[in-house]
Amino acid sequence: MTEIDEALHRLGESFVAGLREPGYQLTTVDAHGFQSQTYTMAGEPALLGRWNNLDLNDAMTALRGVARHGLVLEMIGDPNGTYTIHWSRDIPSLPARIILDEGYRLPGHERPPAREPGTTDTGVTDPVVLAEVERLVGEFTARHHPKGYAPGYSEEEVLAAEQRLGVRLPEDLRALYRLIHDDSGESGLLDPFVLVPLHVLVEWNRKNHPGYHDGLFDDAVIFDCVPAGHVRRVSSSNGWVTFARDYGMNFGAVDLDPGPQGRIGQVVTHGRDVWAPVEYVADSVTALLRRALTTLDEERPSPPHPTVSADSISDVPVTAQGVVLRTEVPIHLADFEPFTNLRSLVVRGKTPLADMSLPTHLPIERLHVEAARWEPAPLPSTIIDLTLSGNDEPAPVAGLAALPKLARLDLSGAAVSDIEAIATFPALRVLTLNGRQWTDLLATGWKPTRLAAAGLGGSAGVGDAARWSQAFGRNGNVHTLTGGH
Numbered sequence: 001m002t003e004i005d006e007a008l009h010r011l012g013e014s015f016v017a018g019l020r021e022p023g024y025q026l027t028t029v030d031a032h033g034f035q036s037q038t039y040t041m042a043g044e045p046a047l048l049g050r051w052n053n054l055d056l057n058d059a060m061t062a063l064r065g066v067a068r069h070g071l072v073l074e075m076i077g078d079p080n081g082t083y084t085i086h087w088s089r090d091i092p093s094l095p096a097r098i099i100l101d102e103g104y105r106l107p108g109h110e111r112p113p114a115r116e117p118g119t120t121d122t123g124v125t126d127p128v129v130l131a132e133v134e135r136l137v138g139e140f141t142a143r144h145h146p147k148g149y150a151p152g153y154s155e156e157e158v159l160a161a162e163q164r165l166g167v168r169l170p171e172d173l174r175a176l177y178r179l180i181h182d183d184s185g186e187s188g189l190l191d192p193f194v195l196v197p198l199h200v201l202v203e204w205n206r207k208n209h210p211g212y213h214d215g216l217f218d219d220a221v222i223f224d225c226v227p228a229g230h231v232r233r234v235s236s237s238n239g240w241v242t243f244a245r246d247y248g249m250n251f252g253a254v255d256l257d258p259g260p261q262g263r264i265g266q267v268v269t270h271g272r273d274v275w276a277p278v279e280y281v282a283d284s285v286t287a288l289l290r291r292a293l294t295t296l297d298e299e300r301p302s303p304p305h306p307t308v309s310a311d312s313i314s315d316v317p318v319t320a321q322g323v324v325l326r327t328e329v330p331i332h333l334a335d336f337e338p339f340t341n342l343r344s345l346v347v348r349g350k351t352p353l354a355d356m357s358l359p360t361h362l363p364i365e366r367l368h369v370e371a372a373r374w375e376p377a378p379l380p381s382t383i384i385d386l387t388l389s390g391n392d393e394p395a396p397v398a399g400l401a402a403l404p405k406l407a408r409l410d411l412s413g414a415a416v417s418d419i420e421a422i423a424t425f426p427a428l429r430v431l432t433l434n435g436r437q438w439t440d441l442l443a444t445g446w447k448p449t450r451l452a453a454a455g456l457g458g459s460a461g462v463g464d465a466a467r468w469s470q471a472f473g474r475n476g477n478v479h480t481l482t483g484g485h
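Heads up: the sequence shown begins at 1 in full-length UniProt numbering, then just goes up one per residue.
Just to be clear, a hint being listed does not mean it is correct.
[Unchecked claim] Keeping only pairs whose Cα atoms sit at most 25 Å apart, straight-line, the calculated DMTMM-like set for lysine to aspartate or glutamate is: (1) K207 x D182; (2) K147 x E132; (3) K405 x E134; (4) K350 x E370; (5) K447 x D418; (6) K350 x D218; (7) K350 x D315; (8) K147 x D90; (9) K207 x E155; (10) K447 x E132; (11) K405 x E370; (12) K447 x E102; (13) K147 x E186; (14) K405 x D315; (15) K350 x D283; (16) K207 x E375; (17) K350 x D410; (18) K207 x D90; (19) K147 x E134; (20) K405 x E155; (21) K447 x E420; (22) K447 x D90; (23) K207 x E134; (24) K350 x E375.
Rather than coming from a laboratory, the hints here were simulated on the basis of the structure.
Only a predicted model underlies this, so the values are computations on that prediction, with no experimental measurement involved.
Given only the sequences and the hints, what does the whole structure look like? Please build it.
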């Protein structure tokens, strides 16, 4: 018996030990950990045995230790103690997904080009800016940090760092580095940030850019920072140069490529507690220095999260950029007309009717609707990401061909009467369907030549995922073991 077999048998025994009804679990194990979901035998998501069995996590951790490059598994169990496990290394994840074009990125998520070393601006730091920063640092030192800071860098050292980095730093950040080496004492000079040494700035920024480094199946919406228009609405930018950290895995950066209402050198933050790629902080490093002098140690209010969850439209402020509406009553998307900032709308709860007359002037990019019945209507041309699900009677989708930016579509939870219409969608690059829909679409002779990624939705197990992968020319070897007999 191999070490994989031993780990899987341990997992199967732990799974069935907590079952009170038959069910199955789909699991993906990769370098980042593991993800799993349990289902009833009817394919409905449910909280089954693992929630009552403390041994299961230990068994899963042991499996990860021997899985090496990863695997997926489908574990079917019965309260009588029997189990069957299908597993494969050829399928990258469950739900199954295939990347067909490694270079494609969703709109707004393009990878920034690498910075090239060198800069043509080799002048010295602006003496007026240098004098003001020196005054502010001196005043802060006198008030709050009498032991002072290590001496700063020469003009030659700052320029050498910029040459390696490929950009000239804002004048006030240059001036700060001319005056101090760093803020290793965490004095609060740039509250809440801590200036790092110049060589760390170069190391952080030479090849890496802050922001989202996401994939084709991740959340595609990028919301506006507050105030709107100051920061470009992109997932990552080589104009964001990180120069400081805080005390909780967040970072400060200067923005050299701001939005139309912003200014070069404004300060943004990114990291663990930031809901957007970056969040606007201040219009300059100088503004941070001034703020530290007047409001040191005061708690900084965070901007509101852009997405609001509610049970009724009346509970949502019209300023919301994102709405998650949970309702089981009929809904008319025309009621969102006052929501002029709306970029994402998710309707959950299987409403009996969704009138899809969404006002076409809204800047919405993501629309997810779960409804027993849809009333088709023209949708805003700005939609990039669309998910439709829950309908009881097959509905046509040919009208979606009128959406010029529709790049990602998920119909795996929908009943569709004209699946062949997908061939006419001009911008479609990421498509998720269920097994029957994929079979019907491929039977029409359609080829996925323009797709960048494909997904198999629903609760398909390892065997179905393997056969689907083989239809795209991928390997699909599956192994099976049983136990508890």
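Results of checking the hints against the structure:
As the CA atoms of K207 and D182 are separated by approximately 22 Å, the hinted pair is consistent with the 25 Å bound. Note on K147 and E132: the hinted pairing holds, with a Cα-Cα distance of about 21 Å set against a maximum of 25 Å. Distance check on the hinted pair: K405 and E134 sit about 50 Å apart at the alpha-carbon level, beyond 25 Å; violated. Proposed proximity of K350 and E370 is supported: the alpha carbons are some 5 Å apart, at most 25 Å.
With a C-alpha separation of about 16 Å, the suggested pair K447 and D418 falls inside the 25 Å cut-off, and the hint holds. Between K350 and D218, the direct Cα distance comes to roughly 23 Å. Compliance with the 25 Å bound is thereby established for this hinted pair. For the hint pairing K350 with D315, the CA-to-CA distance comes to about 19 Å; that is within 25 Å, so the pair holds. With a CA separation close to 60 Å, the supplied pair K147 and D90 exceeds the 25 Å bound.
Proposed proximity of K207 and E155 is supported: the alpha carbons are some 24 Å apart, at most 25 Å. Among the hinted pairs, K447 with E132 is inconsistent with the structure: their alpha-carbon atoms are about 63 Å apart, more than 25 Å. As the CA atoms of K405 and E370 are separated by approximately 21 Å, the hinted pair is consistent with the 25 Å bound. For the suggested pair K447 and E102, the alpha carbons sit about 18 Å apart, so the restraint of at most 25 Å is met.
For the hint linking K147 to E186, the alpha-carbon distance of about 12 Å falls within 25 Å, and the restraint holds. Pair hint K405 plus D315 does not hold up; C-alpha atoms about 30 Å apart against a cutoff of 25 Å. A threshold of 25 Å between alpha carbons decides the hint, and for K350 with D283 the separation of about 45 Å lies outside it, so the pair is violated. This hinted pair does not check out: K207 and E375 have alpha carbons roughly 49 Å apart, beyond 25 Å.
As the CA atoms of K350 and D410 are separated by approximately 16 Å, the hinted pair is consistent with the 25 Å bound. Taking the CA atoms of K207 and D90, the gap is near 31 Å; set against the 25 Å cutoff, the hint is violated. As the CA atoms of K147 and E134 are separated by approximately 16 Å, the hinted pair is consistent with the 25 Å bound. Proximity of K405 to E155 is assessed by CA-CA distance (about 48 Å); at most 25 Å being required, the pair is judged violated.
For the hint pairing K447 with E420, the CA-to-CA distance comes to about 11 Å; that is within 25 Å, so the pair holds. For the given pair, K447 sits about 22 Å from D90 by alpha-carbon distance, which is consistent with the 25 Å threshold. A C-alpha spacing of about 31 Å is found between K207 and E134, which places the hinted pair above 25 Å, so the restraint is violated. At most 25 Å may separate the alpha-carbon atoms for a hinted pair to count; K350 and E375 meet this at roughly 14 Å.
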